[in-house]
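Taken in order, these protein sequences are the chains called A and B. With this note's numbering applied, the first sequence has no gaps in its numbers, which climb one by one up to 204 at the end. With this note's numbering applied, the second sequence has no gaps in its numbers, which climb one by one up to 1357 at the end.
Keep in mind that the hints were calculated from the coordinates and are not lab data. It is possible that part of the hints are untrue.
Pairs of lysine to aspartate or glutamate, EDC-like flavour, derived with a Cα cap of 16 Å [what the hints assert, rightly or not]: (1) B:K1163 with B:E1059; (2) B:K1103 with A:E64; (3) A:K166 with B:E1252; (4) B:K1163 with B:E1248.
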Amino acid sequence: MNPTVATGAMGFLTGDGLAGYADAIAGFVFLIMLAITVIGGLIACNAERLVCAVSGLALCFVGVAAIYYYLNSPFVAMMQMLIYVGAVCITIAFAIMLAAPEDSQKNGPAGPLSGPLAFITAGLVTMGLIGLAVNTTFAVLPKLNMGGVKLIGAELLTSYSMVFELVSIVLLIAIIGSLVIARHGRSK
Amino acid sequence: MSLTIFNTVMAVVIAIAFAAANAAYLVWAERRGAGRIQRRPGPNVNGPFGLLQPPADGIKLMTKQLMIPAGADKALFMVAPVLAMAPAIVSFVTIPFSDTIVAHSMNIGVLMIFAFASLGTMAILLAGWGSRNKYGVMASVRAVSQNISYEIPMLITVITIVMMTGTMDLKEIVTAQSGGLLNWNIVPSLSSPLMPVAFLIFFICSLAETNRAPFDLGEAEAELVAGFHMEYGSMGFGLFFMGEYANIVIGASLITILFLGGWGCPLGLYPGVWWFLLKIYLVIFTFIWIRWTFPRTTIYGLLNLSWKILIPISLFNLLLTAGLLKVF
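Excised from the complex, chain B in its bound form (with noise of 0.2 Å):
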């Protein structure tokens, strides 16, 4: 019993320490990447490639003064970056890593992901409305208008899934699998030749669910100043950036997860958390070329791909993938 308790404590700090560590350093490589890409130098003076810049960062936002402006919600306005950073934490719960390495998995871990995710949604709503702030309410209502419209596509697309696996367990999922790159679930099978359409559409949803460029309307600086966060400082705004990192590592952890084979190995060998790492780290490193190559969209033209072309074909998918499942 107490053993019990000590490992769940023991793997909540670590899910706490992966998703601060990867948080942090996933800025640093945002912000490289972006260099990188616009052919400038990015963050590169302190320490060796500027990789003691996220520490210096976080001091600094730790030790800024938290202002609340005088108009805002007090209670909602606090509660908001908390919202945005504890159920990204407690996804990290679920999601297993390899064969041995879950803190506590669950039978249904996909719907406890999303079922987790939805409270983010709350978060950027009550942050806008909280703040009492033109701008901030105008970001949270395209920022949750966004995630509504593309949980959809993105929920059909993992029942697609679940049909086929027949559980809503992430590790055995994984396990269906297992064998090499052929048994993914990437790659077209027989009772569901559109699965590369399916993961394309899940990827977008990804990008969108979790407010990345191109579809980072709720924090358009452009057109909204900085957004539903944009009367945050100090760690206020550094919760939301952590929450929204996080974020990021949990969508491509069930990309890989459910698309990509978990931990196995593309040719069926070792198979291990390495492999798990380097696909995350593989379809994190998409996110961000994406992110610094496209143009925002605008929110009809967001709304009206979701509405008008993600969920047709994604429902479409889910049919015709029934139907198969019971010829074959």
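Bound conformation, chain A alone (with noise of 0.2 Å):
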């Protein structure tokens, strides 16, 4: 975490007087982000509706967008706004909107993982997640550049090209796939 973000937290949370009043303002702002993403996470995972548990879904995913603005980077925050919840919340909507009866609900527990057996196993991961957390140090590493779009286009094409193209096979095969399926469907 970004160590001007810790320490605005916690000057919102102790109060310590004007001197960290813009941090404080930060921080607080970095809280609300923080908790509208895990709230959106919560109701995606508790909601009885799946049309509710979607809505939770995007409302994380502006949380995340939002925090990635606040970390500088507003070309990845409108991305994440732009694919995850213009196209993917939408897409999962429609999909449920179009299969589903209008009552579709959740059904009980999916098997021994859920239940006491799961709130343990996050329980452990998030005290792991945690003790990495409070027991590493962060490097604040230089700034490499302004991020800018060209200078993304420009890596993504150079530097990462093999990553690029990858990335577009896989949504080739997906495309394929579903193709695929579809007309398998038709046929019948």
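The two chains are supplied separately, each in an independent frame; assemble them into the complex guided by the hints.
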């Protein structure tokens, strides 16, 4: 985590006077974003109806996009909004509305992992992550460049062109697969 | 620091006021225009030319009781109208009205407007589903399929423009078109001879994205009663209406900025905010004109138009422009 964010959040919580005023506002905003993300995630996991769960997911994505924006990468934030909220969530919701009956609700416990065991697992994972976050010393890396659209594009097509091509192959396979499935459905 | 915050707050307040005023008076303009086209007076009783009609409508909507249907999903039902209005206001923040009048200039302004426009689709979806009404659900399924299919040719056209100007900053896109009519993006140039076609595609997509007739399948009153907002009364309905008209203003602004030279004069004289306003209101007038002149399409005609005509042509235009930009 960015050290100023941490001190800002701390400054807000402890209220150490006017010195950390701007930091405190920043920290408060950051806490709101965290709350939005966590609440969205909780709704997504616990909602009774699937459409409500998707709305929670969208809220969670908006929170994550806000955090990206806060951490000074507006391009990633906008892509998060455009792709995850604008495309993924809406496609999921659309599929639910087309495919499932309106009153489709979640089923009961999915298996032995849900319930107490899941809570223990989640708790252990959380403890591990907290331990990692507290014990790691975060080095502030020097800023490489402005992170603008042009630089990202140039990097994608030069240094990371392999990744770029692999991603496009994955997408191509997904498209062909969905076409094959749809074709099969039509012939029946 | 504090001055920056003050400026930002002021900008947001002005954006909200501009959106609200436009929404109110565009409804009046729409009804007067409709009356003119259908050879009837339209609202002409309250005040001169019926100019006091929007405040009267506003007071009526705000004093009505907000009813929530018993079977509705309360949280989603309440969230949806806000979600229809809020993204439109956020998008106003980054639109440059002139060289100096812009609330927050971003170097990815185009991307931001489209990112927030996608939230509007979510609002329609939640409104239709949250009211637990079969017409509402059908309307939102239609509206979403329409929005998804028309976003694709729209974004491809925007990519063409971004390739030509080499920036996603709305301000710089306008600056690249400064110096008169012949520099505007709507005029075919050597590197992109199909620009008028791209403009037409973008215009059609703006009509479809703002759910305007002839593409208003989401609220086709003859078949779906009123579509996704049929269960809403009072200010819930008011917010949907304001969101719709705010989106129309944003669509007209985008058309002006991307194709019509923004705040530049056709002859290259006296650039300024007045040209921008003149252009967006001309575009909006065309929207109103089209709405009351053309009949509604069918849902199949609508989807075929996008997937079979607009997307292939816009893709072809993208490839052609990419190739010609490399040559010249």
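Structure versus earlier hints, numbers of those that do not hold, lowest first:
1, 3
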